[in-house]
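As you go down the protein sequences, you meet chains W and G in turn.
The numbering used here numbers the first residue of the first sequence as 1 and each following residue consecutively.
The numbering used here numbers the first residue of the second sequence as 1 and each following residue consecutively.
It is possible that some hints are incorrect.
[As the list claims (entries may be wrong)] Covered by chain G, according to a simulated footprint, are these stretches of chain W (three or more residues, beta-carbon under 8 Å): (1) 27–35; (2) 83–89; (3) 92–101; (4) 301–309.
[Said to hold, decoys possible] Distance ranges between label pairs, derived from CB positions: (5) W:257 / G:53: 41 to 47 Å; (6) W:260 / G:53: 47 to 53 Å; (7) W:25 / G:105: 34 to 40 Å; (8) G:29 / W:229: 40 to 46 Å; (9) W:225 / G:29: 30 to 36 Å; (10) W:70 / G:94: 53 to 59 Å; (11) W:286 / G:45: 35 to 41 Å; (12) W:23 / G:31: 26 to 32 Å; (13) G:90 / W:16: 34 to 40 Å; (14) G:95 / W:260: 51 to 57 Å; (15) W:83 / G:86: 26 to 32 Å.
Treat the hints as calculated values from the structure; they're not laboratory data.
Beta carbons are placed, not taken as given, at the ideal position from N, Cα and C, and that holds for glycine.
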Amino acid sequence: MDPKSDAAEDPARNAEFEARIARGESIEPKDWMPDRYRKQLVRMMSQHAHSEVVGMLPEGNWITRAPTLRRKMGLLAKVQDEAGHGLYIYCGTETLGVDRHELVGQLLAGTAKYSSIFNYPTLAWADIGAIGWLVDGAAIVNQTMLAKASYGPYARAMVRICKEENFHKKQGFEIMTILSAGTPAQHRMAQDAVNRWWWPSLMMFGPHDKDSPNSAEMMRWGVKRKSNDELRQRFINLTVAQAKAINLTLPDPELRYNEATENWDIGPIDWAEFWRVVKGDGPCNRQRLAARNKAHDDGAWVRQAATAYAAKHASKSEAA
Amino acid sequence: MKPDESRVTSHESPDSQWPLWEVFVQPPGGEPHQHAGSVHAADAEQALQNARDVYARRGEGVSIWVVPSSAIVASTPDDMGPFFDPGNDKPYRHPQFYKVPRGVRL
Chain W
1 MDPKSDAAED PARNAEFEAR IARGESIEPK DWMPDRYRKQ LVRMMSQHAH
51 SEVVGMLPEG NWITRAPTLR RKMGLLAKVQ DEAGHGLYIY CGTETLGVDR
101 HELVGQLLAG TAKYSSIFNY PTLAWADIGA IGWLVDGAAI VNQTMLAKAS
151 YGPYARAMVR ICKEENFHKK QGFEIMTILS AGTPAQHRMA QDAVNRWWWP
201 SLMMFGPHDK DSPNSAEMMR WGVKRKSNDE LRQRFINLTV AQAKAINLTL
251 PDPELRYNEA TENWDIGPID WAEFWRVVKG DGPCNRQRLA ARNKAHDDGA
301 WVRQAATAYA AKHASKSEAA
Chain G
1 MKPDESRVTS HESPDSQWPL WEVFVQPPGG EPHQHAGSVH AADAEQALQN
51 ARDVYARRGE GVSIWVVPSS AIVASTPDDM GPFFDPGNDK PYRHPQFYKV
101 PRGVRL
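Just chain W, same shape as in the assembly (with noise of 0.2 Å):
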């Protein structure tokens, strides 16, 4: 749909809505909104939530060969939290007139995207602090913007999110610390998630601004208020003097500080790479979706058993 069709259907409700975003105002569920940006939202929601859903599976795998109890203590709220992430956001999405079901519906049918990250593999332990350190570290530079975002509902979902969040930055940069000091195999372990993980982080932002026709339209609408481009720069900016501070490196041979712009520049990123994976040619994607519907699936029973103990107290209820 032409973005020009919401304001000539109703241009004065339309330019109202606009003073309000520009007003830094708050939209509301029940408010008046063009087509176009609920549609927007709720492609932009649902993928978001989506990606907490599907997050949980690289983590998971780790979760009953975790090192030590502690860790796996730590992991398994990790992997809890993403899941409650998911559901905050879904939430979120359903005040815009859509509901959960059909979302989750086009998740299990692979008709919907979610966050391309989580179609690369955790092959070892340091996987899931690499995760914790780069891909929640990216996460939060994301969100932490969104939490300002002019729909009320996606802001507070992200509010609380962001909250949660940093405590999975946390345990993973603490892996990672540890790892990096241990025995030489540790460090290698740790270099070679870094060296997997790196590029991959840096994709998360979505592609170069000219390359991103939403990007634009969301930041107009202030949904969005800071470009793809400047948050993978402010994420850079953190990350490198992090991964000197535990010794590791971070797999760029044209990484260097630039005077000028006192901004950390990189080399290209693989941008063919990034499509193939979107377009769900990822090392993961099948297994994925494949997962997902298999919990789903097992799920079944448990859902048709809360639904006959709810019919079944229903009509004692009425009985009485």
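Could you slot chain G onto chain W? The hints should help.
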């Protein structure tokens, strides 16, 4: 992966998503209950348990209310102006309206 359209329909009827409940959590320290979000649940008991797991994993609450979303009656943005108007034109309801002698601490 090739999208499997049949999945979407196969998830529709036998697997409904249950009613929606709004969740209000009271933080420790005597503050009032505050809206936290919503959950789907088959009944009130499950709604409370889901609300605890989703919105109070870190001691955020000392009490939770769950209310069927359909039971909530809300004002609408369209009549926001006239609806709140009676409260907006009465400056004498605010302390700043009243004058007291200078230098007196009240």
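Practice task
Check each numbered hint against the structure and report the violated ones by number, ascending.
Solution key: Violated hints: 13, 15; rest satisfied.
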